[in-house]
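**Student:** One letter stands for each residue in the lines below.
There are 2 protein chains.
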Amino acid sequence: MVEAVLAPVDRVREADEPHSHVVRFGSDKPLRLDAGVDLAPFQVAYQTYGTLNGDRTNAILICHALTGDQHVANVHPVTAKPGWWETMVGPGRPIDTERYFVICPNVIGACMGSSGPASTNPKTGAPWGLDFPVITIRDMVRAQAMLLDHLGIESLFSVAGGSMGGMQVLQWTASYPERVFSALPIAASTRHSAQNIAFHEVGRQAIMADPEWCKGRYFTEQKDPRKGLAVARMGAHITYLSDAALHRKFGRRFQDRDNPTFSFDADFQVESYLRHQGISFVERFDANSYLYLTRAMDYFDLAGDYDGVLANAWKGSPTRFCVISFTSDWLFPTSESRAIVHALNAGGARVSFAEIVTDKGHDAFLLDEPELFAIVRGFLEGAARARGLPAQRR
Amino acid sequence: MVEAVLAPVDRVREADEPHSHVVRFGSDKPLRLDAGVDLAPFQVAYQTYGTLNGDRTNAILICHALTGDQHVANVHPVTAKPGWWETMVGPGRPIDTERYFVICPNVIGACMGSSGPASTNPKTGAPWGLDFPVITIRDMVRAQAMLLDHLGIESLFSVAGGSMGGMQVLQWTASYPERVFSALPIAASTRHSAQNIAFHEVGRQAIMADPEWCKGRYFTEQKDPRKGLAVARMGAHITYLSDAALHRKFGRRFQDRDNPTFSFDADFQVESYLRHQGISFVERFDANSYLYLTRAMDYFDLAGDYDGVLANAWKGSPTRFCVISFTSDWLFPTSESRAIVHALNAGGARVSFAEIVTDKGHDAFLLDEPELFAIVRGFLEGAARARGLPAQRR
Chain Z
1 MVEAVLAPVD RVREADEPHS HVVRFGSDKP LRLDAGVDLA PFQVAYQTYG
51 TLNGDRTNAI LICHALTGDQ HVANVHPVTA KPGWWETMVG PGRPIDTERY
101 FVICPNVIGA CMGSSGPAST NPKTGAPWGL DFPVITIRDM VRAQAMLLDH
151 LGIESLFSVA GGSMGGMQVL QWTASYPERV FSALPIAAST RHSAQNIAFH
201 EVGRQAIMAD PEWCKGRYFT EQKDPRKGLA VARMGAHITY LSDAALHRKF
251 GRRFQDRDNP TFSFDADFQV ESYLRHQGIS FVERFDANSY LYLTRAMDYF
301 DLAGDYDGVL ANAWKGSPTR FCVISFTSDW LFPTSESRAI VHALNAGGAR
351 VSFAEIVTDK GHDAFLLDEP ELFAIVRGFL EGAARARGLP AQRR
Chain B
1 MVEAVLAPVD RVREADEPHS HVVRFGSDKP LRLDAGVDLA PFQVAYQTYG
51 TLNGDRTNAI LICHALTGDQ HVANVHPVTA KPGWWETMVG PGRPIDTERY
101 FVICPNVIGA CMGSSGPAST NPKTGAPWGL DFPVITIRDM VRAQAMLLDH
151 LGIESLFSVA GGSMGGMQVL QWTASYPERV FSALPIAAST RHSAQNIAFH
201 EVGRQAIMAD PEWCKGRYFT EQKDPRKGLA VARMGAHITY LSDAALHRKF
251 GRRFQDRDNP TFSFDADFQV ESYLRHQGIS FVERFDANSY LYLTRAMDYF
301 DLAGDYDGVL ANAWKGSPTR FCVISFTSDW LFPTSESRAI VHALNAGGAR
351 VSFAEIVTDK GHDAFLLDEP ELFAIVRGFL EGAARARGLP AQRR
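In the order they appear, the protein sequences are chains Z and B. Counted from 1, the first sequence has number 361 at position 361 by my numbering; the numbering is strictly sequential. Counted from 1, the second sequence has number 377 at position 377 by my numbering; the numbering is strictly sequential.
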């Protein structure tokens with residue numbers, strides 16, 4: 001793992017030579033993609049925290065969200081900011097790295113060291129760009145299973161993640177039920193709604209409208225579609241927050257002034273905040289990756305793989321589930337989590353469900369939510385007893 | 001009014017020489033703007049339908065929304081499509097042009113013939129662009145009041161509009177209570193929320209990110225920021241519909257195929273629909289106007305003009321109000337209309353309120369909503385009796 005603050009590094013180099021562990025799969029071990037092609041060679045970048053026990057029974061896989069990466073609980077090599085889930089993962093945290101061995105891979109299609117459109121295409125020596133095959137949530141999970149094989153981990157104690165991470169959790173429990181002892185899908189859904197697809201499509205169009213996108217060949221053309229990517233991020237960011245949270249944080253307050261400027265400056269605090277979100281995002285993220293990962297989310301439809309019957313995805317599942325949603329999440333509303341719980345019940349799976357009351361919206365899974373921490377801690381504690389892991393030191 | 005289908009015309013020419021009535025105010029009659037400057041000379045383009053009675057007591061002013069214009073109930077000169085509120089306004093319609101004299105002006109800042117950033121700046125002979133002063137909802141209403149003075153209409157029988165049109169209705173009743181006998185604010189609010197400002201800001205950033213925007217000088221530079229404006233429209237369009245309506249209309253259905261293409265084509269029907277919305281919008285709308293009108297909406301805060309107490313805006317108001325909202329409108333939710341009703345009650349105004357159950361979202365005010373038609377018809381009928389207008393012929 002990355003132990004100390006690194007000087008912020010170039011995100012372009014991270015795509016091939018990340019500041020992480022990396023496993024490289026050769027041509028003999030292709031990744032079979034849903035698109036019907038094999039990806040080979042390819043690589044998976046990942047971080048680990050804690051120690052694998054002798055029985056190899058204490059591993060927890062963390063699946064990251066659309067704009068996340070493997071840097072869960074260490075300083076980020078590009079931004080020099082803290083890990084994205086440091087409140088959840090670490091020594092003494094709900095996902096306690098003194099007790100569990102935590103693995104977080106960068107997803108396939110992303111840009112922090114797992115193969116994706118920003119990686120070098122071995123056939124050309126140039127970045128893949130749009131020649132990278134379109135991937136799915138199931139492809140991400142397949143690559144993660146290959147990583148676990150490589151690490152010699154047959155069965156995960158748990159797999160956890162929010163948003164797109166939750167989609168991967170759900171896919172794991174459907175694709176590899178025997179490898180998942182417990183599962184924590186948070187603020188997730190088994191399919192993207194028309195509204196969600198619509199928001200993603202606007203983001204993609206914003207990127208593709210930027211002339212510096214160059215049909216995805218911006219690396220070779222020495223361009224960077226920063227403006228398009230920033231607009232995409234700004235629009236998406238609104239959907240991560242609730243109306244109430246935006247009102248509480250910003251309301252109609254002006255930025256550094258008392259009266260309107262009667263101009264197109266960022267008069268309102270909320271404008272200033274959004275512009276900052278857009279600008280800081282482009283420092284660490286690849287525009288093509290944004291296209292690929294939003295597409296993977298749009299394509300996700302778990303029931304579709306089981307004749308349209310979601311319960312079939314989990315028939316006789318041995319996994320213990322804890323499904324968590326947030327009252328003010330309008331992107332992945334509680335109704336989606338309820339549908340998961342109903343299908344799990346119909347499939348006879350073991351499931352608990354918590355809807356957490358908060359005004360923080362979809363982003364609540366990343367924020368300081370004491371109830372979320374308590375539920376995750378308690379659920380893992382119960383699962384650890386059932387798994388026969390040693391009791392927690394007090 | 002425009003009686004017949006015109007061949008679609010150039011939107012650029014419409015800004016100065018519209019296919020409408022136009023009143024031109026000279027340097028002796030400036031429009032005093034909230035920004036602290038005078039706009040002069042300036043012009044207001046408008047359409048009328050029906051006949052003004054001898055007492056001049058049957059005039060209804062229609063205020064259009066962000067992307068609307070004066071072509072309420074006639075074929076549009078640029079798009080050759082039907083008027084935007086033909087279901088509401090016309091012979092025998094709820095706003096019955098056989099009974100009422102209907103006036104619809106293009107708002108100041110727009111691009112269909114009232115002065116705005118696409119109009120020719122008389123000082124330079126070139127389009128105003130960003131040299132046009134930033135305008136407010138109150139400025140729009142001031143210009144409309146000058147139009148009514150010009151038409152010799154002292155008192156309106158009613159003023160009606162949805163969304164940004166509803167904001168103008170509310171401003172009318174606050175600025176000129178004695179000139180408004182009845183008022184119909186539909187799907188409106190007295191202030192833009194942080195979330196609404198945020199969505200608008202993303203749209204503005206999408207336009208400004210387009211290199212063809214040229215800091216607003218695209219006319220002079222022979223450019224056209226079509227891509228940026230289309231992205232802005234796509235994003236905004238999502239907010240006009242409800243999640244349920246998008247699900248009902250499109251769900252996750254593919255466009256012209258059974259399986260995903262594993263590409264960035266418009267696989268899903270909802271993507272195809274949104275792209276069409278973006279492309280068709282840019283044919284008829286000016287990118288700078290989009291900046292100005294969204295800004296005017298963001299600045300709107302009626303209570304702010306009355307020491308933060310909304311009820312003061314309507315103290316002793318003689319106007320009869322009918323406030324209408326829609327259950328699935330998340331852009332201007334019912335809570336906003338309820339706040340209007342509470343303030344009107346506190347100010348002692350005469351008000352009725354209807355929340356219409358529909359899954360059509362904010363756009364419901366433009367769509368075929370029988371309950372909306374019945375309420376508007378009934379409210380106007382009651383107001384007509386109170387005004388002493390002759391009973392409707394049966």
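Keep in mind that a hint or two might mislead.
Repeated chains share a single entry, so a pair holds when one copy, or any two copies, can fit it.
[To be verified] Under the rule of at most 20 angstroms between Cα atoms (straight-line distance), these lysine to any residue pairs were calculated in the SDA-like manner: (1) 223 to 212; (2) 315 to 150; (3) 123 to 12; (4) 29 to 307; (5) 315 to 304; (6) 123 to 28; (7) 81 to 55; (8) 249 to 301; (9) 215 to 124; (10) 215 to 26; (11) 249 to 391; (12) 315 to 342; (13) 29 to 328; (14) 29 to 348; (15) 223 to 30; (16) 215 to 263; (17) 29 to 57; (18) 123 to 358; (19) 123 to 220; (20) 215 to 266; (21) 215 to 373; (22) 215 to 265; (23) 315 to 247; (24) 223 to 252; (25) 215 to 261.
These are calculated hints, taken from the structure and not from any lab test.
**Student:** Run every hint past the structure and note whether it holds.
**Tutor:** The hints, checked one at a time:
In this assembly of identical chains, the alpha carbons of residue 223 and residue 212 lie at most 20 angstroms apart whether taken from the same copy (5 angstroms) or from different copies (17 angstroms). In the homo-oligomer, the alpha carbons of residue 315 and residue 150 never lie at most 20 angstroms apart, since the shortest distance is 28 angstroms inside one protomer and 75 angstroms across protomers. For a Cα distance limit of 20 angstroms, the shortest separation of residue 123 from residue 12 inside one copy, 18 angstroms, qualifies, whereas the shortest one across copies, 50 angstroms, does not. Taking the closest pair of Cα atoms, residue 29 and residue 307 never come within 20 angstroms of each other, the shortest separation being 30 angstroms inside a single copy and 70 angstroms across copies.
Proximity of residue 315 to residue 304 under the C-alpha cut-off of 20 angstroms is restricted to the intra-copy arrangement: shortest distance 15 angstroms within a copy versus 59 angstroms between copies. Proximity of residue 123 and residue 28 under a CA criterion of 20 angstroms is satisfied intra-copy only: 16 angstroms inside one chain copy versus 73 angstroms between copies. In this assembly of identical chains, the alpha carbons of residue 81 and residue 55 never lie at most 20 angstroms apart, being 34 angstroms within a copy and 71 angstroms across copies at closest. When the C-alpha separation of residue 249 and residue 301 is checked against a cutoff of 20 angstroms, the pair qualifies only between copies, where the shortest distance is 18 angstroms, while the shortest distance within a copy is 34 angstroms.
With identical chains, the CA atoms of residue 215 and residue 124 are at most 20 angstroms apart within one copy only, with a shortest distance of 17 angstroms there and 39 angstroms across copies. Proximity of residue 215 and residue 26 under a CA criterion of 20 angstroms is satisfied in neither setting, with 29 angstroms inside one chain copy and 50 angstroms between copies. For the homomeric pair residue 249 and residue 391, neither the shortest alpha-carbon distance inside one copy (41 angstroms) nor that between copies (53 angstroms) is at most 20 angstroms. When the C-alpha separation of residue 315 and residue 342 is checked against a cutoff of 20 angstroms, the pair qualifies only within one copy, where the shortest distance is 12 angstroms, while the shortest distance between copies is 53 angstroms.
Taking identical chains as interchangeable, the C-alpha atoms of residue 29 and residue 328 are never at most 20 angstroms apart, the minima being 43 angstroms within one chain and 51 angstroms between chains. For the homomeric pair residue 29 and residue 348, neither the shortest alpha-carbon distance inside one copy (35 angstroms) nor that between copies (77 angstroms) is at most 20 angstroms. In this assembly of identical chains, the alpha carbons of residue 223 and residue 30 never lie at most 20 angstroms apart, being 31 angstroms within a copy and 48 angstroms across copies at closest. For the homomeric pair residue 215 and residue 263, the shortest alpha-carbon distance between copies (13 angstroms) is at most 20 angstroms, but the shortest distance inside one copy (34 angstroms) is not.
In this assembly of identical chains, the alpha carbons of residue 29 and residue 57 never lie at most 20 angstroms apart, being 26 angstroms within a copy and 82 angstroms across copies at closest. Taking CA atoms no more than 20 angstroms apart as the test, residue 123 paired with residue 358 passes in neither setting, with 49 angstroms inside one copy and 55 angstroms between copies. With identical chains, the CA atoms of residue 123 and residue 220 are at most 20 angstroms apart within one copy only, with a shortest distance of 15 angstroms there and 46 angstroms across copies. Within a single copy, residue 215 and residue 266 get their C-alpha atoms only as close as 31 angstroms, which misses the 20 angstroms cut-off; across copies the closest is 16 angstroms, which meets it.
In this homomeric assembly, residue 215 and residue 373 never come within 20 angstroms of each other (Cα to Cα): the closest approach is 43 angstroms inside a single copy and 48 angstroms across copies. Taking the shortest Cα distances, residue 215 and residue 265 sit within 20 angstroms of each other only across copies (13 angstroms), while inside one copy they are farther apart (31 angstroms). Proximity of residue 315 and residue 247 under a CA criterion of 20 angstroms is satisfied in neither setting, with 43 angstroms inside one chain copy and 28 angstroms between copies. Proximity of residue 223 to residue 252 under the C-alpha cut-off of 20 angstroms is found in neither arrangement, the shortest distances being 37 angstroms within a copy and 34 angstroms between copies.
For the homomeric pair residue 215 and residue 261, the shortest alpha-carbon distance between copies (18 angstroms) is at most 20 angstroms, but the shortest distance inside one copy (38 angstroms) is not.
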